[in-house]
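**Q** Put together the whole structure using the sequences plus the hints.
There are 2 protein chains.
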Amino acid sequence: MIKETSSNASNRKFLRSVCRITGALEILSGRWKALVLIHISEGKNRFSLLKQVLPPVSDQVLGRQLRELEAEGLITKAIIAEVPVRVDYSLTDKGAAVLPILDELAEWYDKRGD
Amino acid sequence: MIKETSSNASNRKFLRSVCRITGALEILSGRWKALVLIHISEGKNRFSLLKQVLPPVSDQVLGRQLRELEAEGLITKAIIAEVPVRVDYSLTDKGAAVLPILDELAEWYDKRGD
DNA sequence: CGGTATCCTTTATGATACTG
DNA sequence: CAGTATCATAAAGGATACCG
Numbered sequence: 001m002i003k004e005t006s007s008n009a010s011n012r013k014f015l016r017s018v019c020r021i022t023g024a025l026e027i028l029s030g031r032w033k034a035l036v037l038i039h040i041s042e043g044k045n046r047f048s049l050l051k052q053v054l055p056p057v058s059d060q061v062l063g064r065q066l067r068e069l070e071a072e073g074l075i076t077k078a079i080i081a082e083v084p085v086r087v088d089y090s091l092t093d094k095g096a097a098v099l100p101i102l103d104e105l106a107e108w109y110d111k112r113g114d
Numbered sequence: 001m002i003k004e005t006s007s008n009a010s011n012r013k014f015l016r017s018v019c020r021i022t023g024a025l026e027i028l029s030g031r032w033k034a035l036v037l038i039h040i041s042e043g044k045n046r047f048s049l050l051k052q053v054l055p056p057v058s059d060q061v062l063g064r065q066l067r068e069l070e071a072e073g074l075i076t077k078a079i080i081a082e083v084p085v086r087v088d089y090s091l092t093d094k095g096a097a098v099l100p101i102l103d104e105l106a107e108w109y110d111k112r113g114d
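For the record, the sequence lines run as chains U and R.
Each residue of the first sequence is one higher than the one before, starting from 1 at the first, in full-length UniProt numbering.
Each residue of the second sequence is one higher than the one before, starting from 1 at the first, in full-length UniProt numbering.
Everything labelled a hint here was simulated from the structure, so no lab data went into it.
Just so we're clear, the structure is a prediction, and the values are computed from it rather than from any experiment.
Take these hints with a grain of salt, some might be off.
You can't tell identical chains apart in this list, so a pair holds if it fits in one copy or across any two.
[As the list claims (entries may be wrong)] With a straight-line Cα cutoff of 25 Å, these simulated BS3-like cross-link-like pairs (lysine-lysine) come out: (1) Lys111 with Lys94; (2) Lys33 with Lys111; (3) Lys77 with Lys94.
**A** Structure, rendered in structure tokens:
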């Protein structure tokens, strides 16, 4: 086995081991993840709806970010076995809890220009 | 950079905030940037001090992240023409203002595991 | 409809050598 | 001491095709 170093270990796990802030930022660091959370909270809870309201993003990338958000426990998906299949995304309590903090970041960002 | 998705006027303020959130996360998205801000706030205000307290990071990468933080107006550098040269980094008001928000993110992160 | 598989491009990070 | 230049690698993002 090859010895693990910080450069070949899992980036995610490494960043999380560094500190909680780094870990939190890593979870939100996907390019569209914050937007996805906000849009889901606004009722855009379907794959195709998200594609409509997000800036142009490929199926592949949107799917990956949704998978990662689900893996992090920020969203859940409910698969309804209709034809065609229907999937409803919704925020978990954890996902909802981060939105007010994101709002604070937005306010901070507004003031940055002075 | 993030294009607003037009739906209706009542969403406008909300959508602007979406863009600001994305912008704020972008500023903080560098791998070591949040850590750098925190360590500077704790008095680790020299290049070599930062190297000591951060996880292993190359000169090149640390230098780049410091440059970017300065460009974003989160830190300033004071160059003192001694021999050898001395540089003091410090937080701007903007840089200091984001730290409490990062703390909230850390608390949120702590609770994520249930 | 709601994705995944595959392949490609761009960006971020990293190692090393060198400089004022 | 405090970096930058150069080159290399890793990770993220994206285009396209296809599947249940």
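**Q** Each hint should be assessed against the structure and marked as holding or not.
**A** Here is how each hint holds up against the structure:
With identical chains, the CA atoms of Lys111 and Lys94 are at most 25 Å apart between copies only, with a shortest distance of 8 Å across copies and 27 Å within one. For a Cα distance limit of 25 Å, the shortest separation of Lys33 from Lys111 qualifies both inside one copy, at 23 Å, and across copies, at 19 Å. In this assembly of identical chains, the alpha carbons of Lys77 and Lys94 lie at most 25 Å apart only when taken from the same copy (14 Å versus 38 Å across copies).
When the structure is compared with the earlier hints, no violation turns up for any of them.
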